[in-house]
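Protein chains in written order, with my numbering: chain S, 1 to 157; chain G, 1001 to 1157.
Note that these hints are calculated values from the structure, not bench results.
Treat each hint with caution, since some may be false.
The list that follows gives simulated cross-link-like pairs (lysine-lysine, DSSO-like), each with its CA atoms no further than 30 Å apart [stated by the list, open to error]:
hint	chain 1	residue 1	chain 2	residue 2
1	S	K59	S	K80
2	S	K139	S	K95
3	S	K59	S	K95
4	S	K95	S	K80
5	G	K1116	S	K59
6	S	K59	S	K32
7	S	K133	G	K1150
8	G	K1116	S	K139
9	G	K1150	G	K1116
10	G	K1116	S	K32
11	S	K82	S	K95
12	S	K32	S	K80
13	S	K32	S	K82
14	S	K139	S	K82
15	S	K139	G	K1150
Covered by chain S, per the in silico footprint, the following chain G stretches (three or more residues, Cβ under 8 Å) [said to hold, decoys possible]:
hint	stretch
16	1097-1103
17	1106-1120
Computed from a predicted model, the values in this text were never measured in an experiment.
A virtual CB, placed ideally from N, CA and C, is assigned to each residue, including glycine.
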Amino acid sequence: MSGLQDLYREIILDHYRAPRNRGELPVPPAQKLEGFNPLCGDEVVLWLDVEDGVVTDVKTGGQGCSISQASTSMMSAAIKGKPVAEVRTLIRAFKALMSIHESKLEGADETDLADELEGVRLGDLEALQGVVKFPVRIKCATLGWNVLQQGLDETEA
Amino acid sequence: MIRDVTTEGFSTNDIPWKFEAGTPAIVEAVGMGAAVDYLEAIGMDAVREHERALTEYTLGALRDRFGDRLHLYGPANADDRGGAISFLFDGIHAHDVSQVVDEEGVCVRAGHHCAKPLMRVLGIPATTRASFGVYNDRADADALVDALVKAESFFSL
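Excised from the complex, chain G in its bound form (with noise of 0.2 Å):
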């Protein structure tokens, strides 16, 4: 970042230098690496089918438990989608059903996702977003479903 510092004041070095301040992220860099290499041994067509066949089985799971009582956001079609399911249920807060699957030890993300333009076509304020990846099974998802259950029969009216 500098070119030289004395007592009385520092001088900057020239663009793109000066931009570059501190240790580069090496250890970020050396994590990445071998991400890229835990992926790779894996295949990344098997880890996009164990994605899509782990959505097929929960938007199956979610929909024979709660019908049209959970709004499921996205196609339909497993095929057509990633690895992360939205949903909301009719008069309970995207928050308050994370809080409860929460305790049940169902890590979910809750809020407009960073995407509020969306939510406002969508005509929502929130969502509740689960996500699967090549370290999730079936029994996540059960677990998933599980949680909603507690969650929709606490906030019952």
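Just chain S, with the same shape it has in the complex (with noise of 0.2 Å):
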């Protein structure tokens, strides 16, 4: 079972049986934001409140698996209180170690985006490293992300 026990770290199912940050904030001033896999039924909800460019307050809500669940609980506890640049920065990050590089795709600098993550701390995100093994595992990891990222993309536009 090494494998299992590379996807499922101690501190993901820790994250999973307990989860951060969860519940609702009034809207407004909070953004309230779905995310959906329509394939697996998995569900983030972000509840996200953004001051003067810092991410004061954050909760989730929603089900799905140990993985889309424990992952969105450790980002909710790594970005509350952080400044929007600095988010955006974990999120590029937290992709990279998803293996997914959106900034390659539109054709980027790959060596302009590993300088940029270059003593990023990713902390206890790391354990999710093990999902890149199993690459249909990879999508319930970056869900909430996803769904961050899109809430970060409604405030600054």
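Combine the two chains into a complex, taking the hints into account.
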């Protein structure tokens, strides 16, 4: 079961059993955002408070597999209180961890991304690295992050 | 599909031929014929009885092993159902269960099975589903039960 131990690290199961920042925020001022994986039925709901370029508060809801819910829980803990620019860097760093390099698709220089992500501390999120060995589960791990990215884009639009 | 093609353009054939482009499904039709011959040689009554008996055996084994911890969906009596069994553990997502049993060499389907309205009525996000055919036997059912024991202990709180 070594592959499974890589996928379901203890910290992931801990976040799944006891998700952080679970709840709701009043809308407005918060934004409510939802994301779905239509094929598996997983659902992530985010409430996002952004004030003066800082994610002042975040709450999460939804249901789904341990990977999608744990990733969202860890994400919420990692971004709370952080400036939006830093959160965007974290999104890119996490997607890079999942072997998703969107800037490469946009034709940006690969070394620029490496420079930017140099020194970004993923902390507990690195526990999700094992997901890469299970390609069908990558979309579970990234669901919450895509919702977050969409939320930030809407805030700044 | 076409009636005529020139370097300047093309004209289409009449309905229904204009919608029947490419090579007809010859290989598929031959394969279908072989499958029908195979099943007829066994006899559909024997196919049905094999699936019924195996489903009955598996339902009993799942009930004995897991009791109320495992929810079984559909009629309790194998006479009233086909060869597929949908189930769900309390507190363990269907996809997480399928991931562990996959590692044990047991292939199941997990998700809403293209039946989201039914999932809503049942009040659950997804189930895991094992299906039996003529090529399965009791050893396969036992392997499923053993794999589910591992899944339950892996995710036990």
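Verification of the hints:
Straight-line distance between C-alpha atoms of K59(S) and K80(S) comes to about 9 Å, which keeps the hinted pair within the 30 Å bound. With a C-alpha separation of about 11 Å, the suggested pair K139(S) and K95(S) falls inside the 30 Å cut-off, and the hint holds. Taking the CA atoms of K59(S) and K95(S), the gap is near 21 Å; set against the 30 Å cutoff, the hint holds. The straight-line distance between the Cα atoms of K95(S) and K80(S) is roughly 19 Å, inside the 30 Å bound, and the hint therefore holds.
Taking the CA atoms of K1116(G) and K59(S), the gap is about 26 Å. The hint holds against a cut of 30 Å. Proposed proximity of K59(S) and K32(S) is supported: the alpha carbons are some 9 Å apart, at most 30 Å. For the suggested pair K133(S) and K1150(G), the alpha carbons sit about 21 Å apart, so the restraint of at most 30 Å is met. At most 30 Å may separate the alpha-carbon atoms for a hinted pair to count; K1116(G) and K139(S) meet this at roughly 20 Å.
For the proposed pair K1150(G) and K1116(G), the alpha carbon gap of about 28 Å is at most 30 Å, so the pair holds. Of the pairs offered as hints, the one joining K1116(G) and K32(S) holds, with about 23 Å between alpha carbons and a cut-off of 30 Å not exceeded. Distance restraint check for K82(S) and K95(S): the Cα-Cα separation of roughly 18 Å lies within the 30 Å cut-off, and the hinted pair is therefore satisfied. For the hint pairing K32(S) with K80(S), the CA-to-CA distance comes to about 16 Å; that is within 30 Å, so the pair holds.
Simply put, K32(S) and K82(S) have alpha-carbon atoms about 18 Å apart, close enough for the 30 Å limit, and the pair holds. Under the criterion of a C-alpha separation no larger than 30 Å, the hint pairing K139(S) with K82(S) is consistent with the structure, at around 25 Å. For the proposed pair K139(S) and K1150(G), the alpha carbon gap of about 25 Å is at most 30 Å, so the pair holds. Given a C-beta distance limit of less than 8 Å, the hint that chain S covers the stretch 1097-1103 of chain G holds, as 3 residues qualify and 3 suffice.
With 5 residues having a Cβ less than 8 Å from any Cβ of chain S, the stretch 1106-1120 of chain G passes the three-residue criterion, so the hint holds.
Checked against the numbered hints listed earlier, the structure breaks none of them; every hint is satisfied.
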